[in-house]
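J.: Sequence:
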Amino acid sequence: MFRGAAALNLDDKGRLAIPTKYRKSLLLDCEGQMVCTIDIKQPCLLLYPLPEWQIIEQKLTTLSSMNPVERRLQRLLLGHAEDCQMDKAGRILIASTLRQHADLDKKIMLVGQLNKFELWSEATWQHQVTADMEAEQQGDIALSERLQDFSL
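Using the UniProt record's numbering, the letters of the sequence shown map in sequence onto residues 1 to 152.
Bear in mind the hints are in silico, worked out from the structure with no lab data behind them. The structure presented is a predicted model; accordingly, all values stated were derived computationally and were not measured. Among the clues, some could well be false.
The calculated DMTMM-like cross-link candidates involving lysine to aspartate or glutamate, where the alpha carbons are at most 25 Å apart (straight line), are [to be verified]:
1) 21 x 122
2) 107 x 70
3) 13 x 105
4) 21 x 145
5) 88 x 31
6) 88 x 105
7) 88 x 118
8) 24 x 83
9) 107 x 122
10) 41 x 83
11) 59 x 87
12) 107 x 12
13) 107 x 83
14) 21 x 105
15) 59 x 122
16) 107 x 39
17) 13 x 134
18) 59 x 82
19) 107 x 11
20) 59 x 29
21) 88 x 70
22) 24 x 118
23) 88 x 29
24) 41 x 105
25) 106 x 87
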């Protein structure tokens with residue numbers, strides 16, 4: 001499970017170094033093979049270890065290509081999916097089209113989300129966290145039934 005947020009730098013070639021604390025498990029679980037795609041609801045990227053991505057692909061195969069909404073989801077997620085292989089230095093290359101989608105430049109944030117990571121530009125991440133905190137403090141978010149029973 002991935003958790004926490006790490007400030008990272010993209011190098012001139014568009015590579016990021018996976019934090020050391022995740023490298024061993026990624027090498028054991030998926031031999032460093034990952035898949036990166038866009039997030040269709042947020043201005044960030046989703047980075048999955050290959051076994052986790054294969055679960056998503058299996059779910060996508062159950063959708064109908066004849067239903068426009070389902071087809072659009074398949075097109076966006078699969079059409080932007082790029083294989084990423086961790087190199088010996090623990091780096092992965094993020095495709096330029098994906099970097100453009102999430103407006104990634106030198107400073108980025110790698111955010112653990114249990115079975116995957118989110119990749120954000122540092123500025124967009126800070127803005128998102130501020131907006132989320134303000135919404136929580138103002139009570140602007142209606143709680144779903146599951147969240148009503150959730151306790152920290």
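J.: Quick one: which hint numbers does this structure break? Sort them smallest to largest.
T.: 2, 4, 11, 15, 17, 21
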